[in-house]
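Asks: Going line by line, the protein sequences match chains A and B.
Residue 0 is where the first sequence starts when you use numbering that gives the first Met the number 0, and the numbers rise one by one after that.
Residue 0 is where the second sequence starts when you use numbering that gives the first Met the number 0, and the numbers rise one by one after that.
Don't read these hints as lab results, they were simulated from the structure.
If you're wondering where the values come from, they're calculated on a predicted model, not measured in any experiment.
Ideal Cβ placement from N, Cα and C applies to all residues, glycine included.
Among the hints, a few may not be true.
Said to hold, decoys possible - With a Cα cut of at most 30 angstroms, we get these calculated BS3-like pairs of lysine-lysine:
{"no.": "1", "chain 1": "A", "residue 1": "Lys206", "chain 2": "B", "residue 2": "Lys106"}
{"no.": "2", "chain 1": "B", "residue 1": "Lys106", "chain 2": "A", "residue 2": "Lys216"}
{"no.": "3", "chain 1": "A", "residue 1": "Lys96", "chain 2": "A", "residue 2": "Lys206"}
{"no.": "4", "chain 1": "A", "residue 1": "Lys372", "chain 2": "B", "residue 2": "Lys271"}
{"no.": "5", "chain 1": "A", "residue 1": "Lys110", "chain 2": "A", "residue 2": "Lys206"}
{"no.": "6", "chain 1": "A", "residue 1": "Lys111", "chain 2": "B", "residue 2": "Lys106"}
{"no.": "7", "chain 1": "B", "residue 1": "Lys271", "chain 2": "A", "residue 2": "Lys110"}
{"no.": "8", "chain 1": "B", "residue 1": "Lys195", "chain 2": "A", "residue 2": "Lys110"}
{"no.": "9", "chain 1": "A", "residue 1": "Lys238", "chain 2": "A", "residue 2": "Lys288"}
{"no.": "10", "chain 1": "B", "residue 1": "Lys271", "chain 2": "A", "residue 2": "Lys271"}
{"no.": "11", "chain 1": "A", "residue 1": "Lys379", "chain 2": "A", "residue 2": "Lys337"}
{"no.": "12", "chain 1": "A", "residue 1": "Lys334", "chain 2": "A", "residue 2": "Lys288"}
{"no.": "13", "chain 1": "A", "residue 1": "Lys372", "chain 2": "B", "residue 2": "Lys285"}
{"no.": "14", "chain 1": "B", "residue 1": "Lys195", "chain 2": "B", "residue 2": "Lys271"}
{"no.": "15", "chain 1": "A", "residue 1": "Lys216", "chain 2": "A", "residue 2": "Lys206"}
{"no.": "16", "chain 1": "A", "residue 1": "Lys13", "chain 2": "B", "residue 2": "Lys106"}
{"no.": "17", "chain 1": "A", "residue 1": "Lys288", "chain 2": "B", "residue 2": "Lys49"}
{"no.": "18", "chain 1": "A", "residue 1": "Lys306", "chain 2": "A", "residue 2": "Lys80"}
{"no.": "19", "chain 1": "B", "residue 1": "Lys285", "chain 2": "A", "residue 2": "Lys271"}
{"no.": "20", "chain 1": "B", "residue 1": "Lys106", "chain 2": "A", "residue 2": "Lys137"}
{"no.": "21", "chain 1": "A", "residue 1": "Lys110", "chain 2": "B", "residue 2": "Lys227"}
{"no.": "22", "chain 1": "B", "residue 1": "Lys106", "chain 2": "A", "residue 2": "Lys110"}
{"no.": "23", "chain 1": "B", "residue 1": "Lys42", "chain 2": "A", "residue 2": "Lys288"}
{"no.": "24", "chain 1": "B", "residue 1": "Lys106", "chain 2": "A", "residue 2": "Lys174"}
{"no.": "25", "chain 1": "B", "residue 1": "Lys195", "chain 2": "A", "residue 2": "Lys111"}
{"no.": "26", "chain 1": "A", "residue 1": "Lys216", "chain 2": "B", "residue 2": "Lys42"}
{"no.": "27", "chain 1": "B", "residue 1": "Lys106", "chain 2": "A", "residue 2": "Lys224"}
As the list claims (entries may be wrong) - Counterexamples of contact, computed for chain A against chain B with all Cβ distances above 10 angstroms:
{"no.": "28", "residue": "Leu10"}
{"no.": "29", "residue": "Arg22"}
{"no.": "30", "residue": "His25"}
{"no.": "31", "residue": "Arg85"}
{"no.": "32", "residue": "Asp94"}
{"no.": "33", "residue": "Ala136"}
{"no.": "34", "residue": "Leu165"}
{"no.": "35", "residue": "Ala234"}
{"no.": "36", "residue": "Ile361"}
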Amino acid sequence: MRLLEYQGKELFAKAGIPVPPGRVAHSVDEAVAIMRANPAPSVVKAQVLIGGRGKAGGIKFCSDADDVVAPARAILGMDIKGEIARSVLIEQRMDIKKELYLSITVDRASKKPVIIASAMGGMDIEEVASREPSAIAKRPIDTAAGYWPFVGRRIGREAGIPIEALAQFAAILGKLYALFFEVGAMLLEINPLAITGDGKLVASDAKVDLDDNALFKHPEFTQWKTDAESDALKARAIKAGLGENNYVALDGDVGIIGNGAGLVMGTLDAVKSAGGEAANFLDIGGGAKAEIMREAVNIVTSNPNVKALFINIFGGITRGDEVARGLITALDGGKWSKDKLVIRLTGTNEREARDILESNGIVAVDTMNEGAKRAVALAKT
Amino acid sequence: MSIYLDSKSVVIVQGITGREGLYHASRMREYGTKVAGGVTPGKGGQTVDKFPVFDTVSEAKQQTGADVSIIFVPPPFAADAILEAADAGIALVACITEGIPVHDMLKAVASLPPGARLIGPNCPGLVSPGEALVGIMPGHVFSRGDVGVVSRSGTLTYEIVDLLTRAGIGQSTCVGIGGDPIIGTVFVDCLRAFEKDPATAAVVLVGEIGGTDEEDAASLLTRGEFSKPVVAFIGGRSAPEGKRMGHAGAIVSGSSGTAQAKVAAFERAGVKVADSPAHIPDLISKVLRPAPHP
Numbered sequence: 000m001r002l003l004e005y006q007g008k009e010l011f012a013k014a015g016i017p018v019p020p021g022r023v024a025h026s027v028d029e030a031v032a033i034m035r036a037n038p039a040p041s042v043v044k045a046q047v048l049i050g051g052r053g054k055a056g057g058i059k060f061c062s063d064a065d066d067v068v069a070p071a072r073a074i075l076g077m078d079i080k081g082e083i084a085r086s087v088l089i090e091q092r093m094d095i096k097k098e099l100y101l102s103i104t105v106d107r108a109s110k111k112p113v114i115i116a117s118a119m120g121g122m123d124i125e126e127v128a129s130r131e132p133s134a135i136a137k138r139p140i141d142t143a144a145g146y147w148p149f150v151g152r153r154i155g156r157e158a159g160i161p162i163e164a165l166a167q168f169a170a171i172l173g174k175l176y177a178l179f180f181e182v183g184a185m186l187l188e189i190n191p192l193a194i195t196g197d198g199k200l201v202a203s204d205a206k207v208d209l210d211d212n213a214l215f216k217h218p219e220f221t222q223w224k225t226d227a228e229s230d231a232l233k234a235r236a237i238k239a240g241l242g243e244n245n246y247v248a249l250d251g252d253v254g255i256i257g258n259g260a261g262l263v264m265g266t267l268d269a270v271k272s273a274g275g276e277a278a279n280f281l282d283i284g285g286g287a288k289a290e291i292m293r294e295a296v297n298i299v300t301s302n303p304n305v306k307a308l309f310i311n312i313f314g315g316i317t318r319g320d321e322v323a324r325g326l327i328t329a330l331d332g333g334k335w336s337k338d339k340l341v342i343r344l345t346g347t348n349e350r351e352a353r354d355i356l357e358s359n360g361i362v363a364v365d366t367m368n369e370g371a372k373r374a375v376a377l378a379k380t
Numbered sequence: 000m001s002i003y004l005d006s007k008s009v010v011i012v013q014g015i016t017g018r019e020g021l022y023h024a025s026r027m028r029e030y031g032t033k034v035a036g037g038v039t040p041g042k043g044g045q046t047v048d049k050f051p052v053f054d055t056v057s058e059a060k061q062q063t064g065a066d067v068s069i070i071f072v073p074p075p076f077a078a079d080a081i082l083e084a085a086d087a088g089i090a091l092v093a094c095i096t097e098g099i100p101v102h103d104m105l106k107a108v109a110s111l112p113p114g115a116r117l118i119g120p121n122c123p124g125l126v127s128p129g130e131a132l133v134g135i136m137p138g139h140v141f142s143r144g145d146v147g148v149v150s151r152s153g154t155l156t157y158e159i160v161d162l163l164t165r166a167g168i169g170q171s172t173c174v175g176i177g178g179d180p181i182i183g184t185v186f187v188d189c190l191r192a193f194e195k196d197p198a199t200a201a202v203v204l205v206g207e208i209g210g211t212d213e214e215d216a217a218s219l220l221t222r223g224e225f226s227k228p229v230v231a232f233i234g235g236r237s238a239p240e241g242k243r244m245g246h247a248g249a250i251v252s253g254s255s256g257t258a259q260a261k262v263a264a265f266e267r268a269g270v271k272v273a274d275s276p277a278h279i280p281d282l283i284s285k286v287l288r289p290a291p292h293p
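Taking the hints into account, I'd like the entire structure generated from these sequences.
Replies: Below is the structure:
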């Protein structure tokens, strides 16, 4: 679960990491009230998960309560690359002298948490990595040894952090490391970590990605879930019991349902090779029951862009008859016609599944590629 | 011959009294795997479907001589189950459980003793066709032969193995390494094992977007540390940047983890990369002489 900037900064502040004074507003009135209570030169920032909001006009400035009305009105409800800004963070403007970069993430290769730091903050770290790889310092941390301040000083030196900021840098990194474990994070990123005119380090932005699998340990974060989630169909998928990343909206017109992330990705690729574009990614997971399948069909076909539906199931832990039953119930609901459906179903309980389908006038195709071709053709008619 | 698992392997099932644990214990036994029993804390002494149940892995190992464990324990308790198996001296631990907190896995992987090999988590398990199946894979799609298969995916693996079998190409061992960001066994480990296995003549490697495991495998080949032919397939070529496709590990961020980068790395290493799973059998036939065990 990715957090909005203001939510991330709330976590940072609790962990003792300095953040600029600021408050979140969900309406123009709230924005005015915040500025009235605290009339100071401020920045109004769109709260969205997608990057590049500054270039899209999602960051504006103001100096008092009258002055905040126009930027708040402009940003609230703004569509930034398909994501709607539902709130703004109003923060005191800082005098920024230099911008650094600091993050901790889970590193697959070393199977450890890895610290990444650079004196070149304020831009995408991937861009720094390709333009000037030597400006980035990286160090996996042995979880048993944990974090010690020397690690921060050393990585700070390697990253070219100014000497006078090194002690603060190491202290902030220590707090970030503790927070990483406390909340079960996949990524904690401060970019930029600003050095102010008076030499203080302040987290000017916050990017936090929490491990969905660990949310059961942190019921306090569920309050943020709906706020961060703006995609209605995705929200329905989550409500149906599917994981955070099992439904992903895409731009095409062929609706996709499959079991297993790899197979669904392969199905998307097959649709593309057949000359079509997938409307979504939907993985019903392993061992899905009929109810999940029914809801999956309802979710995918609620997308008005969907012209054809392609279901691709290779049963292992998933039983074909459950899938077939769920599909038939969804079709009986009446919103989707079996003429705009292609199903490929094989593996566990395939015989029973085919019987159920055939008694409802549906014939399953034999291979994924054949199914993809048919679905693409259907979407074009 | 095969890697990691063979007809002598003796298997216990952690979480055998659960719905999935018992269902798959029976299916593995039907396949011919030596399933000696299972473990559920607090239910020791019971028998389920003729499988003896033990309270601890240590007792199960002592009484059955098991050297392999398969885990169907719910996510909050799975890392504990992995370490319990390793602590008891189980050499091969396959963890099927999906949804284990990543931080639990960071700690578990760091604490594994050197003698223990973990497959997964969030994986379909592994099978050495005709010898033993440890996992949730549908046994009927596999056939015995000399092609090793290693994959980050579950269902896509069944798809590919089914295509191989229909084309008359059998498999030595198929390993589903799992789709999570932190897993016990990666492509490079499996390639090293296949290199030493005389029964494996070629390998099909099924990767996907995210991480750098595929690139690491490609550099093993470039360094000349793997001598057998490899055919690769990379899932997720149509995935947009920044969207995570189901698997926690499958995300493209910036320039890293893209299918294009992985395909390019394999091609530089001289690996044939299939455009679609359907092309894999053809590519394998070309690199392989007619299979010795059809």
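Asks: Hints first: check each against the structure and report whether it holds.
Replies: Results of checking the hints against the structure:
| no. | hint | in the structure |
| --- | --- | --- |
| 1 | A/Lys206 with B/Lys106 | 24 angstroms, holds |
| 2 | B/Lys106 with A/Lys216 | 16 angstroms, holds |
| 3 | A/Lys96 with A/Lys206 | 21 angstroms, holds |
| 4 | A/Lys372 with B/Lys271 | 24 angstroms, holds |
| 5 | A/Lys110 with A/Lys206 | 22 angstroms, holds |
| 6 | A/Lys111 with B/Lys106 | 9 angstroms, holds |
| 7 | B/Lys271 with A/Lys110 | 29 angstroms, holds |
| 8 | B/Lys195 with A/Lys110 | 25 angstroms, holds |
| 9 | A/Lys238 with A/Lys288 | 15 angstroms, holds |
| 10 | B/Lys271 with A/Lys271 | 21 angstroms, holds |
| 11 | A/Lys379 with A/Lys337 | 16 angstroms, holds |
| 12 | A/Lys334 with A/Lys288 | 21 angstroms, holds |
| 13 | A/Lys372 with B/Lys285 | 26 angstroms, holds |
| 14 | B/Lys195 with B/Lys271 | 22 angstroms, holds |
| 15 | A/Lys216 with A/Lys206 | 21 angstroms, holds |
| 16 | A/Lys13 with B/Lys106 | 25 angstroms, holds |
| 17 | A/Lys288 with B/Lys49 | 27 angstroms, holds |
| 18 | A/Lys306 with A/Lys80 | 24 angstroms, holds |
| 19 | B/Lys285 with A/Lys271 | 26 angstroms, holds |
| 20 | B/Lys106 with A/Lys137 | 20 angstroms, holds |
| 21 | A/Lys110 with B/Lys227 | 27 angstroms, holds |
| 22 | B/Lys106 with A/Lys110 | 9 angstroms, holds |
| 23 | B/Lys42 with A/Lys288 | 28 angstroms, holds |
| 24 | B/Lys106 with A/Lys174 | 19 angstroms, holds |
| 25 | B/Lys195 with A/Lys111 | 28 angstroms, holds |
| 26 | A/Lys216 with B/Lys42 | 26 angstroms, holds |
| 27 | B/Lys106 with A/Lys224 | 27 angstroms, holds |
| 28 | Leu10 | 16 angstroms, holds |
| 29 | Arg22 | 28 angstroms, holds |
| 30 | His25 | 25 angstroms, holds |
| 31 | Arg85 | 19 angstroms, holds |
| 32 | Asp94 | 30 angstroms, holds |
| 33 | Ala136 | 17 angstroms, holds |
| 34 | Leu165 | 27 angstroms, holds |
| 35 | Ala234 | 16 angstroms, holds |
| 36 | Ile361 | 21 angstroms, holds |
Hint violations for this structure: none, all hints satisfied.
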